[in-house]
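S.K.: Now for the letters of each chain:
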Amino acid sequence: MNIAIALPTPQDRPGTLPGDLAMWFFIFAELLVFGVLFLAYAFARARNVELFDASQHNLDRLSGAINTALLITSSYFVVRAVDRIRHGASRACAAWLAAAMALGAAFLALKLVEFGGKFAAGITMSTNTFFMFYIGLGFFHFMHVVLGMVILGYVAVKAWQGGYSAADHTGVETGASYWHMVDLVWIVLFPLIYVMH
Amino acid sequence: MKYQSQAVAKPYFIAAIGLFVGQILFGLIMGLQYVVGDFLFPAIPFNVARMVHTNLLIVWLLFGFMGAAYYLIPEESERELYSPKLALAMFWIFLVAGALTIVGYLFVPYAKLAEMTGNDLLATMGREFLEQPLPTKIGIVIVALAMLFNLSMTVLKGRKTAINLVMLLGLWGLAIFFLFSFYNPANLVKDKFYWWWVVHLWVEGVWELIMGAMLAFVLVKVTGVDREVIEKWLYVIIAMALITGLVGMGHHYYWIGTPEYWQWWGSVFSALEPIPFFMMTLFAFNMVNRRRREHPNKAAVLWALGTGVMAFLGAGVWGFLHTLAPVNYYTHGSQITAAHGHMAFYGAYVMVVLTMISYTMPLLRGREANSPKAQVLEMWAFWLMTVSMVFITLFLTAAGILQIWLQRMGETPLGFMATQDQVALFYWMREYTGLVFFTGLMLYIGSFFVKGDKTQAS
Amino acid sequence: MKQATALWLLLLALTALTTQASTLAAGMIVPLALAATFIKGQVVIDHFMALRHVAGILRWLVPAWLMLLLGLIAYAFTLNPN
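Just so you know, the sequences run in chain order A, B and C. Mapped onto my numbering, the consecutive letters of the first sequence carry residue numbers 1 to 197. Mapped onto my numbering, the consecutive letters of the second sequence carry residue numbers 198 to 655. Mapped onto my numbering, the consecutive letters of the third sequence carry residue numbers 656 to 737.
Worth flagging that the hints you see were computed from the coordinates, not collected in a lab. Glycine is no exception: its CB is placed at the ideal position from the N, C-alpha and C atoms. You may find that some hints are simply not true.
Claimed, not checked - Derived pair list, reagent style DSBU-like, types lysine-lysine, alpha-carbon separation capped at 30 Å:
id : chain 1 : residue 1 : chain 2 : residue 2
1  : B       : K207      : B       : K387
2  : A       : K158      : B       : K570
3  : B       : K570      : B       : K207
4  : A       : K158      : B       : K429
5  : B       : K387      : A       : K118
6  : C       : K657      : A       : K158
What the hints assert, rightly or not - On the chain A side, residues computed to face chain B include the following (Cβ under 8 Å):
id : residue
7  : D20
8  : F25
9  : L32
10 : V33
11 : V36
12 : A40
13 : G136
14 : L137
Turn these sequences into a full structure, and let the hints guide you.
M.R.: This is the structure:
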């Protein structure tokens with residue numbers, strides 16, 4: 001698979017991180033936070049495999065899979081938005097971002113339905129260690145989707161108003177980088193908590 | 198000083214430094230009472246000295262923050278303060294209320310004070326840091342609301358920058374969390390749960406916003422680095438501070454009857470609380486290295502860099518030492534906590550207020566920087582106070598480790614008081630080092646009175 | 656953009672595969688899910704986050720995070736409480 005030539009260079013300063021360096025420091029710190037949480041889950045599970053496997057059985061795997069597809073697709077839309085602004089198409093960029101946000105909103109809605117079902121079944125963070133992680137990590141990631149949507153919304157509005165151009169669109173790349181991070185984290189979270197046992 | 202109304206910061210800073218001296222004096226008294234139990238008994242019992250020591254700390258830092266806000270907000274908003282008169286009136290109300298409260302602590306038995314001040318109407322007293330009588334608490338709310346009104350109006354009508362918005366957000370958070378001091382449920386677990394929201398959600402949450410804004414403000418001024426760069430850092434730092442701090446506060450919930458999951462969330466998130474402090478260290482050094490000018494106020498630059506380092510050590514490293522639930526199981530409430538508390542408060546909040554004072558006071562007194570002679574003295578004060586605080590922390594850490602070992606581990610653990618006798622040597626060393634700190638503080642005050650030739654042109 | 660679309664479809668296919676992995680024999684689930692996750696993560700990092708054009712250490716921080724994380728998770732899943 002010859003990928004290297006396929007995608008156009010998504011930035012104008014070759015060799016540097018796309019978007020703002022400050023955002024990347026934030027992304028690195030966020031990845032560290034999620035990494036520590038994921039490992040806490042994995043090693044807590046190792047001490048109580050049966051409980052984790054039995055509890056995981058109660059999860060709605062399909063809901064998790066759909067949510068993964070939603071985030072991946074929204075990430076793809078954000079890639080298209082960045083591509084558009086690189087060609088100076090502000091409105092198209094904003095439209096792709098809006099579409100990405102719509103998928104983000106669908107993710108949040110589905111997640112709320114999923115959590116609602118669990119709460120209705122009387123499951124809380126105190127039920128057991130597995131559900132503590134499931135709810136806690138899920139909620140923490142949920143808040144990141146919300147933050148990501150706020151960032152994308154800001155960028156989309158600015159793009160719509162013509163605030164970016166083919167020559168200067170660091171803001172779009174910055175927002176895109178954060179959104180991809182939120183996606184990346186979920187790509188690990190889904191198999192870890194919903195699938196692997 | 199660009200705007201006349203910034204001058205209201207001056208009385209706030211003077212009061213802050215005055216109360217700082219009081220705080221250290223009571224610290225020295227308590228430090229001695231650790232080893233000479235009946236020192237000043239019955240005039241000033243240990244619990245009263247402790248109450249005065251901690252309350253003065255909080256109050257003088259609040260004075261410092263308020264002074265800083267009254268200086269910073271007009272300059273950032275590029276307009277005069279909405280109402281300088283209101284700011285000055287609040288200063289006197291706060292000072293008199295604070296002084297009366299301390300006098301009450303010292304001269305009236307605490308139970309009597311509670312009775313006199315209407316604690317029967319709404320019981321809020323008797324909890325650490327929240328010992329203030331009801332009228333004082335209400336006074337704090339009024340002063341805070343008046344200040345927020347004053348500052349918010351100034352920002353609303355003026356230029357909005359990351360620095361003044363973050364500062365304002367921090368101050369609003371401060372006021373809102375203080376309201377939980379009025380909530381005192383009969384259920385002890387609930388009481389404790391919300392008790393932590395006052396001072397500890399301050400220091401691990403909203404105060405970090407205030408600190409970040411103040412540091413950023415001074416760095417913009419002394420380094421001449423682009424505001425855009427500094428503001429970006431500020432956003433990243435406060436985002437991390439809030440994410441790690443608000444949940445990380447769960448490290449106070451391990452053993453007070455709250456659900457067990459706090460041991461996980463508290464451990465993981467608080468273990469990451471050093472990140473924003475580390476970013477602040479990088480931030481301060483990075484900006485100073487990239488400076489576009491040599492500001493004549495070298496002392497202020499030194500304080501700013503010192504804040505970066507000491508906040509990371511005190512709040513970050515010493516916090517991390519005992520934050521994980523399995524470690525905290527042994528260290529909880531030992532001298533390790535005292536060690537962390539001293540260095541964190543000094544390194545983060547004392548130093549950032551002194552940074553602000555160091556930068557603004559010369560301007561408030563009509564010059565860009567103090568004379569080199571005064572600055573040298575101030576830098577001596579910086580090193581004496583900072584190095585002695587490092588040693589105070591190290592001695593308390595040593596005392597804490599020994600205390601935990603003797604009292605909580607091993608086959609035949611000793612009782613609390615028997616253990617205290619065993620660690621007395623470290624308490625003595627801490628007390629001597631405290632005297633060095635006090636000397637540094639006196640030099641610091643002296644530096645305000647050093648005359649000398651006008652500063653060199655910048 | 657064609658390549659991005661192809662990668663997007665690849666990610667969706669791998670997601671479906673991961674979801675179905677849970678019906679496989681016990682020993683296969685974890686390796687398969689981890690392998691799929693590694694590929695998905697790497698695609699997002701290299702192409703969506705566009706880190707493959709970056710020079711120096713910053714290019715490798717996120718891939719290293721993914722590798723280390725998945726490696727430690729794999730290790731944790733081999734641990735047995737008994």
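S.K.: Next, verify each hint and record whether it holds.
M.R.: Consistency of the hints with the structure:
Among the hinted pairs, K207 of chain B with K387 of chain B is inconsistent with the structure: their alpha-carbon atoms are about 40 Å apart, more than 30 Å. Proposed proximity of K158 of chain A and K570 of chain B is contradicted: the alpha carbons are some 52 Å apart, above 30 Å. For a cut-off of 30 Å, the pair hint linking K570 of chain B to K207 of chain B stands: about 22 Å separates their Cα positions. Straight-line distance between C-alpha atoms of K158 of chain A and K429 of chain B comes to about 18 Å, which keeps the hinted pair within the 30 Å bound.
Taking the CA atoms of K387 of chain B and K118 of chain A, the gap is near 26 Å; set against the 30 Å cutoff, the hint holds. Restraint check: the Cα-Cα separation between K657 of chain C and K158 of chain A comes to about 27 Å, which is no more than 30 Å; the hinted pair holds. The beta carbon of D20 of chain A is positioned within 8 Å of a beta carbon in chain B (closest approach about 7 Å), and the interface hint is therefore held. Evaluation of the F25 of chain A hint against chain B yields a held restraint, the C-beta minimum of about 6 Å falling below 8 Å.
Interface hint status for L32 of chain A: upheld, as the beta-carbon distance to the closest one in chain B is roughly 7 Å, under 8 Å. For the restraint placing V33 of chain A at the interface with chain B, the shortest Cβ-Cβ distance is roughly 6 Å, inside the 8 Å limit, so the hint holds. The interface hint given for V36 of chain A holds, since its Cβ lies 6 Å from the closest Cβ of chain B, which is under the 8 Å cut-off. Nearest Cβ of chain B to the Cβ of A40 of chain A: about 6 Å, under the 8 Å cut. The hint holds.
With 8 Å as the threshold, the beta carbon of G136 of chain A comes within range of chain B, its nearest partner Cβ sitting at about 6 Å, so the hint holds. A cut of 8 Å between beta carbons decides the hint on L137 of chain A: the least distance to chain B is about 10 Å, and the hint is violated.
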